[in-house]
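Chain residues, written in single-letter form:
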Amino acid sequence: MVGMKDDDAPLLEPPSYYVVEADEDEDEEGRRRSRPLKLRGYLVIFGSMVFLLSMAALIIYQQSHDYDDEAAKIENNDHNYKKVFPRGVAEGVSAKSNSFLSETTPSYNWTNAMLSWQRTAFHFQPERNWMNGPLFHKGWYHLFYQYNPYSAVWGNITWGHAVSRDLIHWLYLPEAIVRDMWFDINGAWSGSATLLPDGEIVLLYTGSTDQEVQVQNLAYPADASDPLLLNWVKYAKNPVIVPPPGIGPQDFRDPTTAWFGPDNKWRVTLGSMVNRAGLSLVYKTTDFINYELNDHYLHEVPGTGMWECVDFYPVSMNGSVGLDTSANGPGVKHVLKASLDDTKVDYYAIGSYFVENDTWIPDDPDLDVGIGLRLDYGKYYASKTFFDQNKQRRVLWGWINESDTEAADERKGWASLQTIPRTVLYDKKTGTNLLQWPVEEIESLRLKSDEFKHVLVKPGTVVPLHIGTATQLDIFAEFEIELLESEGILNNKENGSVVGCGVGAAERSAFGPFGILAIANDQLSELTPIYFRLSNYGNNGTSTTSTTTSFCVDETRSSKAPDVSKLVFGSKVPVLTDEKLSMRLLVDHSIIESFAQGGRTVISSRVYPTEAIYGAARLFLFNNATDINIKASLKIWQLNSAFIRPFPFHLAQ
Amino acid sequence: MRNKASTTLTLVLLSFTLVLSTTLVSSQSSSPSSSNGGDDLIDQICKKTPFYDLCSTILHSNPLTPKSDPKGMALIMVKNIEDNATDTLNYIQDLLKKTPDQQLEQQLAFCAESYIPVVKYILPQAYDALNQGKFGFASYCISDAEKELDACNKKFDGNQSPLGDRNGIMQKLVDVASAIVKLLLNG
Numbered sequence: 001m002v003g004m005k006d007d008d009a010p011l012l013e014p015p016s017y018y019v020v021e022a023d024e025d026e027d028e029e030g031r032r033r034s035r036p037l038k039l040r041g042y043l044v045i046f047g048s049m050v051f052l053l054s055m056a057a058l059i060i061y062q063q064s065h066d067y068d069d070e071a072a073k074i075e076n077n078d079h080n081y082k083k084v085f086p087r088g089v090a091e092g093v094s095a096k097s098n099s100f101l102s103e104t105t106p107s108y109n110w111t112n113a114m115l116s117w118q119r120t121a122f123h124f125q126p127e128r129n130w131m132n133g134p135l136f137h138k139g140w141y142h143l144f145y146q147y148n149p150y151s152a153v154w155g156n157i158t159w160g161h162a163v164s165r166d167l168i169h170w171l172y173l174p175e176a177i178v179r180d181m182w183f184d185i186n187g188a189w190s191g192s193a194t195l196l197p198d199g200e201i202v203l204l205y206t207g208s209t210d211q212e213v214q215v216q217n218l219a220y221p222a223d224a225s226d227p228l229l230l231n232w233v234k235y236a237k238n239p240v241i242v243p244p245p246g247i248g249p250q251d252f253r254d255p256t257t258a259w260f261g262p263d264n265k266w267r268v269t270l271g272s273m274v275n276r277a278g279l280s281l282v283y284k285t286t287d288f289i290n291y292e293l294n295d296h297y298l299h300e301v302p303g304t305g306m307w308e309c310v311d312f313y314p315v316s317m318n319g320s321v322g323l324d325t326s327a328n329g330p331g332v333k334h335v336l337k338a339s340l341d342d343t344k345v346d347y348y349a350i351g352s353y354f355v356e357n358d359t360w361i362p363d364d365p366d367l368d369v370g371i372g373l374r375l376d377y378g379k380y381y382a383s384k385t386f387f388d389q390n391k392q393r394r395v396l397w398g399w400i401n402e403s404d405t406e407a408a409d410e411r412k413g414w415a416s417l418q419t420i421p422r423t424v425l426y427d428k429k430t431g432t433n434l435l436q437w438p439v440e441e442i443e444s445l446r447l448k449s450d451e452f453k454h455v456l457v458k459p460g461t462v463v464p465l466h467i468g469t470a471t472q473l474d475i476f477a478e479f480e481i482e483l484l485e486s487e488g489i490l491n492n493k494e495n496g497s498v499v500g501c502g503v504g505a506a507e508r509s510a511f512g513p514f515g516i517l518a519i520a521n522d523q524l525s526e527l528t529p530i531y532f533r534l535s536n537y538g539n540n541g542t543s544t545t546s547t548t549t550s551f552c553v554d555e556t557r558s559s560k561a562p563d564v565s566k567l568v569f570g571s572k573v574p575v576l577t578d579e580k581l582s583m584r585l586l587v588d589h590s591i592i593e594s595f596a597q598g599g600r601t602v603i604s605s606r607v608y609p610t611e612a613i614y615g616a617a618r619l620f621l622f623n624n625a626t627d628i629n630i631k632a633s634l635k636i637w638q639l640n641s642a643f644i645r646p647f648p649f650h651l652a653q
Numbered sequence: 001m002r003n004k005a006s007t008t009l010t011l012v013l014l015s016f017t018l019v020l021s022t023t024l025v026s027s028q029s030s031s032p033s034s035s036n037g038g039d040d041l042i043d044q045i046c047k048k049t050p051f052y053d054l055c056s057t058i059l060h061s062n063p064l065t066p067k068s069d070p071k072g073m074a075l076i077m078v079k080n081i082e083d084n085a086t087d088t089l090n091y092i093q094d095l096l097k098k099t100p101d102q103q104l105e106q107q108l109a110f111c112a113e114s115y116i117p118v119v120k121y122i123l124p125q126a127y128d129a130l131n132q133g134k135f136g137f138a139s140y141c142i143s144d145a146e147k148e149l150d151a152c153n154k155k156f157d158g159n160q161s162p163l164g165d166r167n168g169i170m171q172k173l174v175d176v177a178s179a180i181v182k183l184l185l186n187g
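Protein chains in written order, with the UniProt record's numbering: chain A, 1 to 653; chain B, 1 to 187.
With the rest of the complex left out, here is chain A:
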C-alpha cells in the first residue's frame, strides 16, 4: 500500500520561487473573549479579546533565545518597498491586515475554487466576515467573538454569539452586544463572564468610547433563564471602571473572569503597560459595580510592552483535572498568560499566587511572561481559557488570523477562525510546561481510519500514505529512530550546526528533519512539512551532550502564491527518556494544528495552496535526515464536517 520514491532523489529542494519575507506585521483584530465569571461553585468562562488600539505600526520582532522558538524568521530583504499602512492603524487599533505585502508584491490570480477550498470544515469561523470568549451555562457552551457584521476586514466590532452542546457543533445566534452606547460606540471589545452563586451571570467587557478611551462596562443577560442567552442588557451607569491615574487611556483592556478570595471579594485583572513594561492590574469588587484598584500589580515584566488578553488561572500539580478559577491551595500553581501586542504572540508562565496581596511570581524568572514559553509557536493570538464546570476541565480557545491578503479575504467573504478548543493541564512530568490537547468531543467527527505500522523511511525519501482524501484529518504519529550503521556519529558536528528548525525542512542534518508532509500534492510542488529535528542521537556512553529536539512546521513551500505569508515556525520540545517521539495533527483545509509530545509544544499554521487542494491534496511521510532511518506508525482518521450553521429557530420565535 505504501510506495517508495527514488532513494537518490533529492528531497525537498530549497524553494525555487521567490518568496517575499518582509517585516511581517501580524496585526490582528481584537479578539473578543469573554471570560467566564467564576462562581465559587460554578465557573463560567467567557472570554473575549479586546484588540489593541495602537497608533504605531507594529513591528514583529523575533526573539532568538536558545530555548525559545524560531518562529517566523524575518529577513529584511533589500527590496525597495513602501510600507503599506495596514487597516486599523488610523483608527488607533493594532493593524489588522498583513503588511508583509508591499506594493511590489506580485498578487496571485486566485480562482474561486482555490479560495473556497480554504474554508475549514470543522473549525469555528464566522458565517461570513470578521471574527476574533466561552462559557458553559445550562447545557450549552457559548462562544462570544469579536465580529464585524459588515465586512471581512476589521471594523464595526460587535459581539458575535454561537452555542454548542459539545464545543464542536456550533450554531450561530444573533449578535449579543452591539456598539450603541457612548461607552462602546467605537468597539464592544473583549470581556469575561462570571457566574454568581445565585445563578446570575455578570459580564465585564471593554468598550472603546466616543473619545476612543478604553473603559470597562457591565452587562448581564436580559433573561438568565433563557438557555440560549440571546439578549443582553447593559448597565445603565456604565462604565464601571475607567483608566486609573498613570495608565494610558488606550492601554487598559480585556477584563478577566473574576475569582473569589478569602476576604469575600471578587478579583478581576486587566492588562496594561507602563513605560514599556507589560503588567496586570487587579481590581476588587463585591457587586461588580464598584471596584477598588489594588496597590500592587499582579505582576509586571519590563520590556514586554502592552499586555492584551491577560488570562490568570490555577492548575493542579497532579495534572489530571481542570480547576475552578477560584481554586487555590497546596498542590495548585497559577498560570499567568498575556498576549503581547508588540509581537502578536501569546506567552504564558507557571508560578505561585499570593492571595494575601494578589501578587504572582513565576517559578522560573527566565521563563517569565513574555520572555519564556509560548502557548503556540505558530499563527495564534488572543487566547483565553474558561473552566468547564460540566466536565471539570480547563478549556483554551485561540484565535487564528488569516495570513493571506485582505483582498483575498474580501473575495472569500470571511476571515479568521478559532482553534479546536484544547484542554489545558499542568505537565507534571516536566513541571515546566502546560499540555494542550484537542477536546475529546472532536472524536465525534471521526469517520473511517487508516493504520500504518513501522513504515520505514530511509534518508532522503518520501513515502506516500494512501488514505484517500487528505484535507480533513486527525493524525496520530509515532516515530522510531534507527541509527544507520555506516555512521557512528554521536553528535552533529560534521553535518554543520543546524540547530532547531533550521531554515526549513529542506535543510538536512544528521538527525532530522523527518515527519509528515501535509496538504501536499503528488508532484510535491506544494507541501507543508511538520517535523522533528534532533541535535544528536545515540550517545553511547561517553558523550555528555544531551539531545535537544525541535518541533517545527515549514510553510515556505505550502503554496506557490507569493502573496501569502510563508514562514517556518517551531520550538524546542522536551522529550523524556522513556518517551517516543509523537505528534498529533488536525488538518482542516487551510489550517493545521500540530501537537508534539502530548501537547507540550503546539504550532498552528495557515496554508493557502493553489494546487494541493480538494482531491489533489495528499499525505506523505518524509525523512530528510542523513544519518538515520525512521520508522513511523500512524493512525489517521478522516473527519467529518461540523456543519456549523445558524440556529434552526424555525418560524417565529
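Hints in this document: simulated from the structure, not taken from any laboratory. Please read all numbers here as calculations on a predicted model, not as lab measurements. Among the hints, a few may not be true.
[Said to hold, decoys possible] Dumping the calculated DSS-like pairs for lysine-lysine here, alpha-carbon to alpha-carbon at most 27 Å:
no., chain 1, residue 1, chain 2, residue 2
1, B, K67, B, K182
2, A, K333, A, K412
3, A, K391, B, K120
4, B, K182, A, K138
5, B, K71, B, K120
6, B, K79, B, K154
7, B, K97, B, K155
8, A, K448, B, K147
9, B, K120, B, K147
10, B, K120, A, K138
11, A, K458, A, K635
12, B, K155, A, K635
13, B, K71, B, K47
14, A, K631, A, K429
15, A, K448, A, K284
16, A, K391, B, K154
17, A, K391, B, K97
18, A, K429, A, K265
19, B, K154, A, K635
20, B, K154, B, K120
21, A, K453, A, K333
22, B, K47, B, K98
23, A, K391, B, K98
24, B, K172, B, K79
25, A, K333, A, K284
26, A, K138, B, K71
27, A, K560, A, K580
28, A, K138, B, K47
29, B, K48, B, K67
30, A, K448, B, K154
31, A, K391, B, K147
32, B, K155, A, K448
33, A, K391, B, K155
34, B, K79, A, K138
35, A, K265, A, K333
36, A, K580, A, K428
37, B, K147, A, K138
38, A, K635, A, K580
With chain A held as given, fit chain B onto it using these hints.
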C-alpha cells in the same frame, strides 16, 4: 312488608351503584373510538403521530391531560419522557456499579454520558420552551434528545442491550412528542 321494601331498595341501590361504577370504570379505560362515540382531540392529535396507541394511552390515562389544549398534551408527553429518561439513567448507573464486564461497562458509561444532559438540561429546557410558546426551540431540544438516545442505542447490538425495551419506548415517546410539537409549530 317493611323489610321487603328496604331490602329491595338496598338491592336496587346496590345494583345501580354497580352499574354506575362499571360504566364509569369502563368509560375511563374505554378504547378511543368506543364508548365516547367519536374521537376527542387527544385521538385526533395522536393519530397524527407515528405511535397512536402509545400516545393515546398515555394522554388518556393521565388525569391532568387537558382535553382541548395541544400544548398541554405536548407538555405531558415531554414530562413523561423526562420521567422515563431519569428512570433509565438511574437504571444505567445501577448497572454500571454492578457489571464486571468491561465492554459492557464502557457501553453503559457512554449511555450515561448521553442521558445525563438529556435529563439535566435538554428535556427541562424543552418543557420550559413549550410552556413559553417557543415551539421552535422546543422542537430543537426534542430532536437533540433523540440524537442522544440514538447514540446510546447504537452502542449495543440489537437484542443484547441491557436497556432492552426502555430505550425503544423512549424513542417512540420522543417521536410522538416531536410530532405533537410540529403540529404546534404549524399552528
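Comparing the hints with the structure gives:
1. B/K67 <-> B/K182: The given pair, whose Cα atoms are some 19 Å apart, holds under the 27 Å limit.
2. A/K333 <-> A/K412: violated (44 Å)
3. A/K391 <-> B/K120: Holds, because 14 Å separates the two Cα atoms, which is no more than 27 Å.
4. B/K182 <-> A/K138: It holds: about 24 Å lies between the C-alpha atoms, which stays within 27 Å.
5. B/K71 <-> B/K120: Holds, at roughly 22 Å.
6. B/K79 <-> B/K154: Between B/K79 and B/K154 the Cα gap is close to 24 Å, so the pair holds against 27 Å.
7. B/K97 <-> B/K155: holds (18 Å)
8. A/K448 <-> B/K147: holds (21 Å)
9. B/K120 <-> B/K147: The hint holds at about 15 Å.
10. B/K120 <-> A/K138: holds (8 Å)
11. A/K458 <-> A/K635: holds (20 Å)
12. B/K155 <-> A/K635: holds (22 Å)
13. B/K71 <-> B/K47: holds (16 Å)
14. A/K631 <-> A/K429: holds (26 Å)
15. A/K448 <-> A/K284: Violated. A/K448 to A/K284 sits at ~52 Å, over the 27 Å cutoff.
16. A/K391 <-> B/K154: holds (23 Å)
17. A/K391 <-> B/K97: Given pair A/K391, B/K97 holds - Cα atoms ~21 Å apart, limit 27 Å.
18. A/K429 <-> A/K265: The hint is violated at about 35 Å.
19. B/K154 <-> A/K635: Measuring from Cα to Cα gives roughly 24 Å; hence the hint holds.
20. B/K154 <-> B/K120: This hinted pair holds, its Cα atoms lying about 22 Å apart.
21. A/K453 <-> A/K333: violated (39 Å)
22. B/K47 <-> B/K98: violated (42 Å)
23. A/K391 <-> B/K98: The given pair, whose Cα atoms are some 24 Å apart, holds under the 27 Å limit.
24. B/K172 <-> B/K79: holds (14 Å)
25. A/K333 <-> A/K284: holds (21 Å)
26. A/K138 <-> B/K71: holds (24 Å)
27. A/K560 <-> A/K580: Violated - the C-alpha atoms of A/K580 and A/K560 are around 34 Å apart, more than 27 Å.
28. A/K138 <-> B/K47: Distance ~34 Å between A/K138 and B/K47 Cα, so the pair is violated.
29. B/K48 <-> B/K67: holds (16 Å)
30. A/K448 <-> B/K154: holds (17 Å)
31. A/K391 <-> B/K147: holds (20 Å)
32. B/K155 <-> A/K448: At roughly 17 Å apart (the allowed maximum being 27 Å), A/K448 and B/K155 satisfy the hint.
33. A/K391 <-> B/K155: holds (22 Å)
34. B/K79 <-> A/K138: The hint holds at about 18 Å.
35. A/K265 <-> A/K333: holds (21 Å)
36. A/K580 <-> A/K428: holds (17 Å)
37. B/K147 <-> A/K138: Roughly 18 Å between the alpha carbons, so the hint for B/K147 and A/K138 holds.
38. A/K635 <-> A/K580: Roughly 15 Å between the alpha carbons, so the hint for A/K635 and A/K580 holds.
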